[in-house]
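Student: All chains, please: the whole structure from these sequences, using the hints.
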Amino acid sequence: MTAVVAPVPAPELQLSARKLKAQQRASDAKTKLSSPWASGLAILIAILWTVPTFGLLINSTRSDPAPQQSGFWNFWNGSTSFTLGNYGTAWSGNGGTPLYDFIINSVVITLPAVFIPITLALLAAYAFAWIPFRGKNILFIAVFVMQVVPIQVALLPLLTVYVKVGLTNSFWSIWLSHTIFGLPLAIFLLHNFMKEIPPSLIEAARVDGAGHVKIFLKVLLPLLVPAIASFAIFQFLWVWNDLLVALTFSGENTAPITQGIQGLTTQFGSGGSTILPPAAILAMLVPLAVFLSLQRFFVRGLLAGSVKG
Amino acid sequence: MTEVQDRAPSPVQGRAPRPANKTKETSWGAPLIWGIIGLVIVGGIWLGWSPLKQGSSPILYDNAKNPGWISRMLFQPTTLGQKLLVMVVAIALFLAIMGLILWLIDRPKIPTGVVLAGFLGPVVIFLSIGLLWSGIKTVIQSFQKFDDAGAANGFVGLDNYAKVFTGQNTQVLINSVLWIFLVPLFAVAFGLLYAVLVDRTRFEAVAKSLIFLPTAISMVASGIIWRYVYLAPAPSGKDQIGLANALVHLVGGTPQNWITKAPLGTFALIIVMVWIQTGFAMTVLSAALKAVPDDIIEAARIDGATGPRLFFSVMLPSIRPTVVVVLTTVAIASLKTFDIVNVMGGNLPKNNILANAFYNALVVRQNGLAGAFAVVIFIIVTPVIIFNVRQMKKAEENR
Chain R
1 MTAVVAPVPA
11 PELQLSARKL
21 KAQQRASDAK
31 TKLSSPWASG
41 LAILIAILWT
51 VPTFGLLINS
61 TRSDPAPQQS
71 GFWNFWNGST
81 SFTLGNYGTA
91 WSGNGGTPLY
101 DFIINSVVIT
111 LPAVFIPITL
121 ALLAAYAFAW
131 IPFRGKNILF
141 IAVFVMQVVP
151 IQVALLPLLT
161 VYVKVGLTNS
171 FWSIWLSHTI
181 FGLPLAIFLL
191 HNFMKEIPPS
201 LIEAARVDGA
211 GHVKIFLKVL
221 LPLLVPAIAS
231 FAIFQFLWVW
241 NDLLVALTFS
251 GENTAPITQG
261 IQGLTTQFGS
271 GGSTILPPAA
281 ILAMLVPLAV
291 FLSLQRFFVR
301 GLLAGSVKG
Chain D
1 MTEVQDRAPS
11 PVQGRAPRPA
21 NKTKETSWGA
31 PLIWGIIGLV
41 IVGGIWLGWS
51 PLKQGSSPIL
61 YDNAKNPGWI
71 SRMLFQPTTL
81 GQKLLVMVVA
91 IALFLAIMGL
101 ILWLIDRPKI
111 PTGVVLAGFL
121 GPVVIFLSIG
131 LLWSGIKTVI
141 QSFQKFDDAG
151 AANGFVGLDN
161 YAKVFTGQNT
171 QVLINSVLWI
181 FLVPLFAVAF
191 GLLYAVLVDR
201 TRFEAVAKSL
211 IFLPTAISMV
221 ASGIIWRYVY
231 LAPAPSGKDQ
241 IGLANALVHL
251 VGGTPQNWIT
261 KAPLGTFALI
271 IVMVWIQTGF
281 AMTVLSAALK
291 AVPDDIIEAA
301 RIDGATGPRL
311 FFSVMLPSIR
321 PTVVVVLTTV
331 AIASLKTFDI
341 VNVMGGNLPK
351 NNILANAFYN
361 ALVVRQNGLA
371 GAFAVVIFII
381 VTPVIIFNVR
391 QMKKAEENR
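Residue numbers (this note's numbering), protein chains in the order written: chain R, 1 to 309; chain D, 1 to 399.
Worth double-checking, as some hints may not be accurate.
What the hints assert, rightly or not - With a cut-off of at most 35 Å between alpha-carbon atoms, the simulated DSBU-like pairs for lysine-lysine come out as follows:
#	chain 1	residue 1	chain 2	residue 2
1	D	Lys238	R	Lys214
2	R	Lys218	D	Lys261
3	D	Lys336	D	Lys163
4	R	Lys195	R	Lys214
5	R	Lys195	D	Lys393
6	D	Lys163	D	Lys261
7	D	Lys394	R	Lys195
8	D	Lys394	D	Lys336
9	R	Lys136	D	Lys238
10	D	Lys261	R	Lys136
11	D	Lys261	D	Lys238
Don't read these hints as lab results, they were simulated from the structure.
Tutor: Structure below.
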């Protein structure tokens, strides 16, 4: 769980240690669990977990009547043929709100909803970790306890405030809500990372005459980049995949992709349409890209977020 | 906590020279700034508390009164350009405000109270209005009656809670209990099994990614994915189009209407949640398994323990704290899950769980009932999290 690697005294040494361990693991692998039963079971689970998504992917490329008439395991047999046209139809909305509108909204919602809470949480985490003051423990415990509050508890009163201020149906209400709901966990996690920074570093900066702001910006921020990246990905996926906050606060011009897809499901009832599968696949692309390219940070954020928080 | 205080240098040391003088000079600064922060909080609470009056117009943006293009662009952007612009404006505004605050407090003579206000003030405002006050108001609302327009109309004691525990909603409670026990159980069982099976094999990374992938996509998308597994039975004589029914047909069973049938629907939805959460459980448990010291395993092996024996009597006990934490974390996630039931449950009361019942009450403006559901979720979550925190502390002590 030590996500913050200290200023890196000897990178080659660390690397070689890791390599050694990897080699040892690899040699262990030959002696351990090579039984065909174990491999078979693992493959079976992997297939069970992959087939539903695979099915959707196939269905998204089948020409019109197919998804209603035969299962995806028939692929492009008989009356159906392979087509990417469904994606075009879904993208342009087939008469309804085009999918790209929802995706734009998701982007517009997500970037500030990640950037703002993390910045605020970093400042607060710094104060909790490195500025001594009276009542710190009580305040920190209060923030910690707020992680417990399910967002359901806060939605309705917040809505009243937004109505009074005139922020309903705008992006502002969604940004504010995600900021509020993201803060407690962000503060808690970033505080844990901040505490792992060696005090001697901060001491040295202080002797040089740096105040809290300079120490925060020049000493701590550069060291915290991995931790920030981990939490940023966590928050990014949380906001991008959110439905409840969107349904409660968004208007017709600000609905994100999740809400768009949810709207499609009610529109098309329980039957299979050719629009729903490609739309769902398109909705998954961004989180999947983030997941696949930044998996290391994602896992780290998730581990810290759950095991520690 | 105490650790931090020990490490951090004393405030006097941290400041510029002449500490005694300076505290006197600027002693009004900190109370003033914290007073302003307090006023903002009180203002926000007052805004949210005072009843919605007919005809009163919102402070910042009023659709009828603000036809100017700037306010429309900021509050009701419609085109791509406007949306991107308002996003940039929001981030720039935030950066400007925070930059100004940090610039103002970044000078040698500023007392700690003011520095603290800069670092903590925004968070204190957000959390005290957004979570603390909101939570308290929801609790109060759960004891109130609401008219059709959504305005509070007197206290009704425990009536809203009575509704949560009676009638159609008993099914909601039963389903929620099934969710919070079955999802963690199966997610951990599959996650642990898979983690052990693929541990230190050649394809470990890829194999894990496959199972972990559902964690990254939205529950709405997962709902669509599973929709094509649970499609209704085909008319007689035709081929099944849903995967589940095709498999049932293959082994000679009767195809089912998975989502609309009474207990089946809940189990069908639980399977979707297990599918999502297993990757998370597997990842955390796998990390814990790898952290089990090699010498313990080596010692057990020399004593003759192999395979399942080694796992159950050596590995499992050493990762027990992690297992408990994963169980409780997944249980809380299951209790708060709303998307799956909302998207897949067909809005059927027999598939409903607390989080979705809350949303349904919110949509029809039954704020009191919605509040009661939210409070019930809160009451169930709290002891689980306290337990969780204790477990984590224990785990850390053992390390």
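Student: Now tell me, hint by hint, if it's right for this structure.
Tutor: How the hints compare with the structure:
{"no.": "1", "hint": "D:Lys238 with R:Lys214", "result": "violated, 72 Å"}
{"no.": "2", "hint": "R:Lys218 with D:Lys261", "result": "violated, 61 Å"}
{"no.": "3", "hint": "D:Lys336 with D:Lys163", "result": "holds, 20 Å"}
{"no.": "4", "hint": "R:Lys195 with R:Lys214", "result": "holds, 17 Å"}
{"no.": "5", "hint": "R:Lys195 with D:Lys393", "result": "holds, 17 Å"}
{"no.": "6", "hint": "D:Lys163 with D:Lys261", "result": "holds, 24 Å"}
{"no.": "7", "hint": "D:Lys394 with R:Lys195", "result": "holds, 20 Å"}
{"no.": "8", "hint": "D:Lys394 with D:Lys336", "result": "holds, 26 Å"}
{"no.": "9", "hint": "R:Lys136 with D:Lys238", "result": "violated, 68 Å"}
{"no.": "10", "hint": "D:Lys261 with R:Lys136", "result": "violated, 54 Å"}
{"no.": "11", "hint": "D:Lys261 with D:Lys238", "result": "holds, 21 Å"}
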